[in-house]
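Undergrad: Add chain B to chain A, keeping to what the hints say.
Number of protein chains: 2
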Amino acid sequence: MTDWIAVDWGTSNVRAWAMRGGSPMAQASSDRGMGRLDRDGFEGALLDLIGGWAGQGDVIACGMVGARQGWIEAPYAMTPCPALPRGLITAPARTPGLRVRIIPGVAQSAPADVMRGEETQIAGFLRLNPGWDGTLCLPGSHTKWVQVSAGEIVSFQTFMTGEMFAALGSQTVLRHSLNGEGTDEDTFAAAVDDAMAHPARLGARLFSIRAEGLLHGLTAAQARGRLSGLLIGLELAGARPYWLGARVAVIGAGALARRYAAALLRQGLTPAMADNDSVTLAGLIAAHEGATP
Amino acid sequence: MTDWIAVDWGTSNVRAWAMRGGSPMAQASSDRGMGRLDRDGFEGALLDLIGGWAGQGDVIACGMVGARQGWIEAPYAMTPCPALPRGLITAPARTPGLRVRIIPGVAQSAPADVMRGEETQIAGFLRLNPGWDGTLCLPGSHTKWVQVSAGEIVSFQTFMTGEMFAALGSQTVLRHSLNGEGTDEDTFAAAVDDAMAHPARLGARLFSIRAEGLLHGLTAAQARGRLSGLLIGLELAGARPYWLGARVAVIGAGALARRYAAALLRQGLTPAMADNDSVTLAGLIAAHEGATP
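Residue numbers (my numbering), protein chains in the order written: chain A, 1 to 293; chain B, 1001 to 1293.
Excised from the complex, chain A in its bound form (with noise of 0.2 Å):
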């Protein structure tokens, strides 16, 4: 008998699981993340995902759901903060015994910034990881670097590592240079290496993959780790102070956290690795445990 639902509502795609307490019962996803929704097609969303589910409405929602142009913005809870528990914002759902409730973001006035979605991951994080302190790294489209310590968000700070690989490797020259699969992870790390000794060099050094492409057969294979090193490079330079003699969890899943991790490995440090789906699950039982009923 499931009593809850938890659900994960990206940019992207939106992820539900059938909750019985603290156990995951069953799963569903779709593509209907926020960006394909307007604010009338979120509920029917939802219901698709959710209603072959028998009886529970009670929701607990995390992520762009929660944004400006989501379902119902739910206001950024400012740093320092508890990643968990704050305010639940109720979303205008009109089916009888559907109660959505979302899990507002977080965001830092200077340097500004904002997050949605990864606060729930970081709180499921401590939940598994009791009395952590140190800097977690989110890698992904958004990458986010973050000061825990004693439970609460000290400060982060996100870059834009992930979104511009994908727009230089699409809507550039490279796009050429990259048409073939792989990544040569020995090109990868010379390339972080690179960035991170010469970081304004960026926008020559990524010309480089289309002229050692027309000059010297750079294989597609090189030429994707190279834009990945140097991207990840460039960020874990500016990321510094985040991680140097620090305590570092990368929580993430398959090749971009391992290429994160490696990176990291070569500065002289030894992440921790969480998994993005467990910690994303635990936020969310988190943050219903910590919600009045």
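Which stretches of chain A does chain B cover? Using the computed rule of at least three CB atoms under 8 Å from a CB of chain B, they are:
#	region
1	110-122
2	214-225
3	228-240
Don't read these hints as lab results, they were simulated from the structure.
The beta-carbon is built from N, C-alpha and C at its ideal position, and this holds for glycine as well.
TA: Same frame as chain A, but now just chain B:
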């Protein structure tokens, strides 16, 4: 009476001048750049453009028309080399009386780099400024910094700054922030300084554009100024060996060239300015004069 035709054939556009000796008699242009043409399409596109000009079929062309994906590949000359004259490559035109000769681009082995079209602008600049030694900056999608001495291209470096601006401004979350007119020049200048002082923070400073829009009402004109300033500032920091203590000329037109000049002024330089139409035509004239009849 036209006695030859000068053509500047880039990726996006093609422009032709009906010439009598060193004087343009008429001009025509279209958007049938190399990027929109198959190998078989160049001759027709050219004839459509110059068909109204009676008589002469002697054409000198520069730019991407000589790329591997162009009409015929005009292999690169390797640095150090004169900008012009060098051997021209004859395109396989089928129309009786039509002779099209293409100016080869210039390549550099290490660091790997390539140019096609800019070598003609450089030759034109030198024709208009005999004996000039120093650094040429050619802003554009792929901005070139070129060290010129004794009439030769000694070395050069390409920064993808213009394409980065276009891709990041239109294909990432920043597109929401740039939705509006104008460029705030004060914000541009501050961002140049910021990026030069802290080049590694690029990815974070880019995201700050979005965050300051959400939290502090950054305007579209300020957002565009900051995006442009961060990217040009990063480039100036990376290109420092080219301009520091050097005589510099900026070859370009319009707001972009003015913005590069403004950024260089902030570094204590007073760059000479040259119009890119004038130098392109001067370079094509130099190639025509240097070519065997």
